[in-house]
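Peer 1: The chain contents come next:
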Amino acid sequence: MSRKVIPFVVAFVLICLVMAVSALFAFSGLAKAEKFGSDVAWSQRYDTAESMKVINLMGDDQDELFIQNTQNVTIFDGSGNTLFSKEYQYPKTTLGDINNDSREDIVVFYLGDLGYSVDVIDNGQVTTIAESLSVGLPARVAVLRFTSGPQIVLGDTGGGLQSLSLSGQPLWSYSVGGEEIRGLDDARINGEVHLAAASHDGSVVVLDEDGQAVWETDQESLRRMRAFDFNSDGNSEILTGGEFGAFVAYSATDGTQLYTQGMGQAVSEIREVELNGEPSSREFVVGGKDGGVWAYSFQNGVVDQMWTGSLSDKVNEISGIDVDGDGAEEAVLGDDSGVVAVFTGDGTRNNLANHSTGITRIDVGRLNGERYVVIADYNDVQVNKVIFNSIPGFQYMPLIVGVIVSAVILIIAGILASIPQKPALKVSFQDKSKESLEAERRMLKESIADVERLRKSGEVTGDAYLARLKRLRGDLAENETAFKAAGFPIKVETIQCPNCGGTLELGMDKCEYCGQVLLS
Amino acid sequence: MEAILCGGGILLVVVLIIFFYLLNTARKRVTETTSFGKKQLLPVYISLADKPTSIIQGFNKLRYDVQKTEKAGDKWRWVPMLIFFAGIALMLIDGILLLLGYLSYIFSIGGVALWIAAIVMARGLRKSDSYDFSARYNGTRDILYTLRDDLRPGTTYLGHLDLTGSLLPTKVARSANDAQGRTTEYFRDEWLALKAKLYDGNILRVSGIQKSKKRKSYWKRSRISGKMKSKPEKFKGTAHDLKVRIVANPEVYKVAKTSPEFKQGLNIGKFTISQLNTEGGMISFVANSPFEEVEYENILQVLKSAYTLLQRKAA
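Residue numbers (this note's numbering), protein chains in the order written: chain A, 219 to 738; chain B, 38 to 352.
Read the hints as simulated data drawn from the structure, not as lab findings.
Each residue gets a CB set at the ideal place from its N, CA and C atoms; glycine is no exception.
Keep in mind that the hints are not guaranteed to be accurate.
Only pairs whose alpha carbons sit at most 30 Å apart, straight line, appear in this in silico BS3-like list of lysine-lysine [what the hints assert, rightly or not]:
1) B:Lys280 to B:Lys253
2) A:Lys640 to B:Lys164
3) A:Lys728 to A:Lys644
4) A:Lys674 to B:Lys253
5) B:Lys98 to A:Lys644
6) B:Lys273 to A:Lys688
7) A:Lys271 to A:Lys304
One-sided excerpt, in silico: chain B residues whose CB lies under 7 Å from chain A [claimed, not checked]:
8) Pro80
9) Ala86
10) Asp87
11) Ser91
12) Thr106
13) Trp113
14) Leu151
15) Ile153
16) Thr193
17) Lys208
Work out the full structure: start from the sequences and follow the hints.
Peer 2: What follows is the structure in structure tokens.
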């Protein structure tokens, strides 16, 4: 192939490669210019929120912002005005429809003047339903709608569980390990609601409505437990995150482990987020104490890791919001250093405005008819409007870049093809007449004799002798070839070593250059 | 933060290396030198077996072809640098997008692709570069040109011009160890071999031989620290031998034993006649020169002086 054509062939192959990669980027959606931003709608002073939810609590068909910290329970309206506020000691709260008015009520488990008590707040009206309970310091509270009727389950810092009827009558009690209850959630078995509970010492238990254990297990010290029915088969999956990084998925039915993985750091939060917008699969995001972020997909009973990411500090809260309106939620995460980041379905991270202190809670909902992300940090609660921007048509930018690169490759090929080949630096100026060839042959033989004489006299030894001899014999072989090419008769006196290609005198039985034995 | 700084530092070093590599390509190649500080020259080997005119034309054509390739490359020397800056411009688009809050890497990938293309082109252009021709190349051409009319009609020059280098491993004639076990290599580079039948019936054989000496590198224990230290190889000197044999045509010449213009020990130009033998109707002599380079005029001057030993017979 001509050396002028080769650069173009190589360029063509490279251009195909470049354009293929460009097309891959363009049509796979890998290339995008998107940014997420946020505008603060309003902000209120409220420190260290432990629980927060955008929900209708006041019966006005508008959602309010419920928020609770270690000493207070407050309800803000959509504009940030306080609708309700009450001080408590060590309150823990949950939401549930206690009085069957189809609206959630706030259940507060706290230390009151008469001991551990439970209040129900309905439309701003506080009703104490239980007092002087024999339980420990509040850790968790949940409202569970068992088949036989709703129950309020209280969890304390000693691992104790106490079930109450909606009127506040104690029903049953149970002890889950000896440390603080870290998870209290409803888990379904064959469609029936059960209670999944876990304590810090690693005990995990599923109880029925009578407080009887369906199964119980132990694992490493535990930070977080949540229950989801990922495949909507009426049987929940229980996810636990360990103090030393064990992430385990149990079947709520019998406690068998469906999935386990070491995360390398304590698991600080687990939340369900519909990351891919595909209803047949459910996704959840796990946050770690050292900032690790993992997204998983649960489909057909199989847990698959989708992507991993990271924040700079402990992940305190995870929430899901469909920012760009594509039907899939983005995961909004807040960490202990005040960073709030939006992770898209493919794991791309976009930061929102940082907070000066750590994030404690994040929730998403409609306030005054607008969709907001509510972020609580150690000082304030902020209601943010999340803004999504993208450059239209940017996904085709890789094709433009590919065309630019291809054009440059083509130009380079053209330039390199235009440069003439470097001439050979071993050249022979040879007259083809018989006399000239014979004279050259004589000269070469004289030179070979000279080299032999120099070797005998010791002036030249070893490699230098062989190198010179090899070159002269090579010239002699070329001379023979020239004789043959010109059609002059010649008695061939050289042979080529089949091993090293060096020229030897005819009749030699061993190559002087490489030692090959010759059979001729 | 440390990881970002470290990564950024490495990236900066890589970019600077690419930049200076392309800048060196853009500028005309600076003459390179060997480890002994000698100028790198074009390694040419020419077999001579042709008429003077053809050989001279061949010498000129080879020089022209090398220069043509070099000039063709010279035209485009700045192009890789321009492509490098085009790559930076592409990357800047990503930078601007980043400033606007969009995270994009597409233009940066394109920029890196352009940098790779620039490096490939620079390598291609560097291949068209050549070292300078040795002075011996022109000198030999001038000797052949000067002697062209003295050549018997219809005959050719025979021999070779070997400018591949005098210190090649294949040119080590012998080596010797001293009392301390250090190895000294003796090089014998017969860079010129020329045979010609002359117009007057004489046969002229000329060999230009450069003899060099080099001590190989060795390890030595330091007397002060006791550590083993590597001593570099050392160039110990070079000299030139000009071996000439003139077989006189007995019908035309008789050979004198000596002449005032040519005798043993006589200095002619850069050469000193060290051996002279006029037995058997031929003149064989060796002229030495302590110089690394001998000009072609010196060689021709020695040949001219040697001819004074030939006395034309009466017709």
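Peer 1: Against each hint, give a clear statement of whether it holds in the structure.
Peer 2: Hint by hint, here is what the structure shows:
1. B:Lys280 to B:Lys253: With a Cα-Cα distance of about 28 Å, the restraint between Lys280 of chain B and Lys253 of chain B holds, given a limit of 30 Å.
2. A:Lys640 to B:Lys164: holds, 8 Å
3. A:Lys728 to A:Lys644: Holds, at roughly 28 Å.
4. A:Lys674 to B:Lys253: Holds, at about 26 Å.
5. B:Lys98 to A:Lys644: holds, 13 Å
6. B:Lys273 to A:Lys688: Holds: Lys273 of chain B and Lys688 of chain A sit about 28 Å apart, inside 30 Å.
7. A:Lys271 to A:Lys304: Within the cut-off at roughly 17 Å; holds.
8. Pro80: holds, 6 Å
9. Ala86: holds, 4 Å
10. Asp87: holds, 4 Å
11. Ser91: Hint on Ser91 of chain B: holds, closest Cβ of chain A at ~6 Å, below 7 Å.
12. Thr106: For Thr106 of chain B, the interface hint holds, since the closest Cβ of chain A sits about 5 Å away, which is under 7 Å.
13. Trp113: holds, 5 Å
14. Leu151: holds, 6 Å
15. Ile153: Check failed: Cβ of Ile153 of chain B comes no nearer than 9 Å to chain A, outside 7 Å.
16. Thr193: holds, 5 Å
17. Lys208: holds, 6 Å
When each numbered hint is compared with the structure, a violation occurs for hint 15 only.
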